[in-house]
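Here the protein sequences come in this chain order: A and B. At the far end of the first sequence sits residue 872, using our numbering, and the numbering has no gaps. At the far end of the second sequence sits residue 544, using our numbering, and the numbering has no gaps.
Keep in mind that a hint or two might mislead.
Under the rule of at most 16 Å between Cα atoms (straight-line distance), these lysine to aspartate or glutamate pairs were calculated in the EDC-like manner [said to hold, decoys possible]:
no., chain 1, residue 1, chain 2, residue 2
1, B, Lys422, B, Glu503
2, B, Lys496, A, Glu263
3, B, Lys496, A, Glu260
4, A, Lys484, A, Asp572
5, A, Lys631, A, Glu515
6, A, Lys484, A, Glu558
7, B, Lys422, B, Asp497
8, B, Lys496, A, Glu262
9, B, Lys82, B, Glu510
10, B, Lys422, A, Glu260
11, A, Lys631, A, Glu511
12, B, Lys82, B, Asp154
Derived contacts from chain B toward chain A, CB cut-off under 8 Å, selection only [to be verified]:
no., residue
13, Ile220
14, Ala221
15, Phe231
16, Val232
17, Leu248
18, Leu250
19, Leu339
20, Phe342
21, Ile441
22, Pro443
23, Leu474
24, Ala477
25, Gly495
26, Ile527
27, Gly530
28, Thr533
These aren't lab readings, by the way, just hints derived from the structure by calculation. Since the model is a prediction, treat every value here as computed from it, not as a measurement. Yeah, the Cβ is synthetic: ideal placement off N, Cα and C, and Gly gets one too.
Residues per chain, in single letters:
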Amino acid sequence: MILFLILFPFCMAPVCLLASRKSTAARNLTACAACLAEFAAAVLLASAPDLSFSLPGICGLGLTFLSDGFRKIYCLVIAFAWLMTTVFGSEYFSHYSNCGRYYFFNLMTLGATMGVFLSSSLTTALVFFEIMSFTSYTWVIQDETEEATRAANTYLAVAVIGGMVALMGLFLLQSELGTTEITLLYERAAQSGNLPLLYAAGGCILFGFGAKAGMFPLHIWLPKAHPVAPAPASALLSGILTKSGVFGVIAITCNLFFSDQKWGTMIVLFGTVTMVLGAVLALFSVNLKRTLACSSVSQIGFILIGIGMTAVLGPEGSMAASGALLHMLNHSLFKLVLFLSAGAVYMNTHKLDLNEIRGYGRRKPLLKAVFLTGALGIGGFPLFSGYVSKTLLHESISEHAAALAASGQSALLFRTVEWLFLISGGMTVAYMTKLFVALFVEKNRDPAVQARYDADTRPMRPASAAALLIPAVLIPLFGCVPSVFMGRIASAGTGFFRVEPLHHAVHYFSWTCLKGSLVSILIGAGLYFGFIRTCLIRRNAETGTREYVNLWPARLDLEEVLYRPLILRWIPSVLGAVSAFFGENRVSGRLAGILFLAFQRLASWFGTNRITGPVAGKLFSASERLAAWFGTNRITGPAAKTIARSSEIGTHAFSDSLDAFVFLLRRTVYRDAPPPATDEVSTSSAYRLGALRDRTVSALGGQTGPETDYATLYYRMKVTENRVRSKLTGNLSFGLIMFCIAAVAVFLYVLILDRI
Amino acid sequence: MYAVLMILMLLIPAGAGIAEACMKRASKTAQDALLVSALAAETLLYALLLFLPVNSSFLLFSMTDVLTIKFRMDGFSILFLALVTVGFLLSGIFATAYMDHSGNRSSFYAFLLFSQFALVGMDNAANLITMYMFFEMATLLSIPLVLHDRTPEAIGASMKYLFYSIAGALLGLLFIFVASRYSDTLDFTRGGSLNLSAVSGHETLLLVVSLLGIVGFGAKAGMYPLHGWLPDAHPVAPAPASAVLSGVITKAGVLAILRLIYFVVGPDFLRGTWVQTVLLSLALLTVFMGSMMAYRQDVLKKRLAYSSVSQISYVLTGLFLLTDQGVQGGLLQILFHACVKICLFLCAGSIIFHSGKTRVSELLGIGKTMPVTLWSFTIASLSLIGIPPAAGFISKWYLAEGALESGLPVMNWLVPVILLISALLTAAYLLPVTIRGFFPGKDYAVSGERSDGIPEFWLPLVILAAMSLLLGIFGGTVTEWAASLASLVL
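Kindly generate the complete structure, drawing on both the sequences and the hints.
In structure tokens:
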């Protein structure tokens, strides 16, 4: 069953690719059928008892899978989200090119994502995590615009770097604990007790999975990648893929570092920064999908706080764990609804800028209702599902703060977190109101555009509308009767967090619980009217209309300011210089040069005969005299001549034998080698003569063609010659030196060492 | 039986090579047929060899009592022979189509076969003398492959190859002199053949000479400081030759080092000494430097050559760790790297053949016209980077675990860190080819027909890419086999 869930989409991917070669309808049908089958399988899995399953030897390390409450729930969510986006996609992609590959990789990603969520060991999770990163890359780059390429490359870089760092963490875990099975981590870690190493390993894994989740400071890819991807893909990226990162964070936080105060507090702090930063970015953004993407960053922050609180509270962390789990689930739903709504807008207008799509939804009640449900849900309004999870999270923080205060410890940190939590909730309300008002309440600045928008009364086909409506209906359904649905889900899923299900029923609609939500909503209203409407909407001096402006300084972008220069320029230039130093043998080349020079000096010193000169001179004159004596001697004269002659011949023969060898080779093995160039002059004097001729011709008023430009030819020959020479001397010299050293070593050994 | 098979395996490539050299005037078809059938016969013989009991051996002849030419087949021979037979076969098939490009077919085929002859002998060598003899032969007989185009660059590069190799081999020879003095036999012995009572008192000498020997043989494997020839020599050769040079012939250096450490000197003699530290530092420096230089290269084949420098030192790192899992990872890396690098060089060759483009920056949209080639390239790249489920992931896993297990100070964590940084660089220098090839941008107009050439071009690519993926997914058997080999020598 588990294997089917993972492998089925992989098998269907090529089928879908083939179908898309055939026709669009066939493609849509195959894709929807595959997703439907997957959903049915997920339902079956969810109704079956817990399974575990292993494939020893696959991928060299063996893969292990498990289906427990949490995993089953998420498999359902994944299959559901894929089904909805695929149904929606059949209309969305009707005008796209290159869709075959999108559908191919879409199904591959489905399989890989299932693999991540069903894996019971971190290694297995990482295997599928990497596949998922690479296949989902094609989503982001689908449009192939400059922006999309840039965002996709950022996404890939973050994914690859994150994957590698996580792998480092797994190396450490495996060597320290001997396993990466998630359920075994806690006991083994307690036995090992080597905390610094475990923190290092955990930090690496957190980096890898946190990058995917969109945790600060690795959130950079998210606001770039989501807006450029096609809407169904954005919905999945935001709703599901980020959760696979969260899955990894839960796996280590609630297992490896279960009830570890320091680790938990750190996660809470990271979560807080992520939450606030995402919300602030979303508040400023004027691009529909970018706002939603930043909102994802912020909501992931909420989830991380819940996970961190679970680790801080340890066994008492049921409320935080339920909150985190439910918020994950809710966020998947909200983003599905919101991004698909954004897709519906983009599908018709091909624009995302708030000023341009302003007023698009005024006469579209369905779209308005759906978007409103999503917005109310994510804003945490009572009776909507977001309220439940946020309340649980909020209560867990405030209870812990209260407990700390009661036991006399400083609760300042958690009080601050609590307030930031409420403020971020307020900001969520504010930016969602901003989107809603812009899209559905206000009129476009251009009446003609508004008229066109209003005339478009049927923005989508019924199938797409259903894909929007079904997840939207779930939000109030879950929210109105929390204990029926959400309570059960929470109690089924908290096992993964190593905590007991909630013992007592939470009174969701009691005053204490409602208070947090109301404070958030009030803050939100205040922010909207006090900040957005006054500061972020300016009157355009030219047209006189009021427009949304992005006041967020463009320079304040972690990616542009820090990461890109760091990774693309600074690190490569420093390390590149270092490796070029070694790689091109700069040291030894220099050394070789110096040695050559020394040899040359030495040779020329001998050559100019400072010492040997006189000696040689004397020897020479002596031999001359000797030769003269012989020469005058009648008997020996002819003999000496013969000797001289024959030695001359011998020398010639020796030197010619090399030529003969080359000649022989040419006639045999290298017969079909091109003969030496004869049509080109190859000596410098010939070139000089040719150049002289050219000059003469031009002086006489004649024309010289480019092919007879001997000066250029000569120059070219020189360049080639120099290039070869520098190549030969630069590194050959080093080889020669090593050769000499080796030869000397061998001879030394033979001569000296062997005698000892 | 082993003797018969072994002699056949030596005779077939040698004989076919001589025949090729004499077939200057023969038709292209005849030359191709001879090459492919010889290589296929060799592969078939290798398959037969697998049925023989391990450690079969035979003595060819004795020059003196001590100097003998002797062959023996053990697990390592089997591993390396797999590369030499299958790698050459696939490259050979590719060459039959590729050599339309550069002519002088028969001499190229002849030397390809001669190289195979030397490598087969080397892989089966049972003692240092035999190994050294075939090692030198492999160098000399593969030089004409580099020299093939006879451009000034090719001549320069082949001279460089010659000098570096001879310098390295002389260092190796020095080692053989010393080792023969301090050991009872020159035959490869599990755990080392050194006579430790004779060695006592001369440990430093032996350590220094072992270091020199390893550095010397490392020239062939492109290890710093004798790596300089590799990035020049591999790219100038025709693509099939670059493929076997990078994928197979460099592994001759690896095998020599493996024999030297684990069968002559003995891992126990080196473990924990300064020599191990020096060797690991050199290997890691090479790993990092190779990747970084590859990242800075624009010419695709040169990039791949630097990548080889880096990747082969992964293997050496594993061997120098002297731990089970390190050796296991190293052996796996030998196999996986061969698959991947042959595939990558052949892809580069196919691209050069069909489009004439040699630089990475020119490869925009190449995936639109040559999809099969670029898909193979992509899968091989993913394997080289170490992205699961492709094969490279497994070898990297065991290398890192081997390092963490070794308990060496600093090196135990430095090795995995360098491996991962290098993997990142690998991603940075290989993925742009894929990205630019498949996603040229919205406004890119596809020019030219969609074609991956004739099957001789794409079939080897697809086989190798599939192997590097399937060896990863169903890697259990290979992994266990490598583990058993590793436990054999440690």
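Exercise for the section: Against the structure, test the hints numbered earlier, and report the numbers of the ones violated in rising order. Expected result: Violated: hints 17 and 18.
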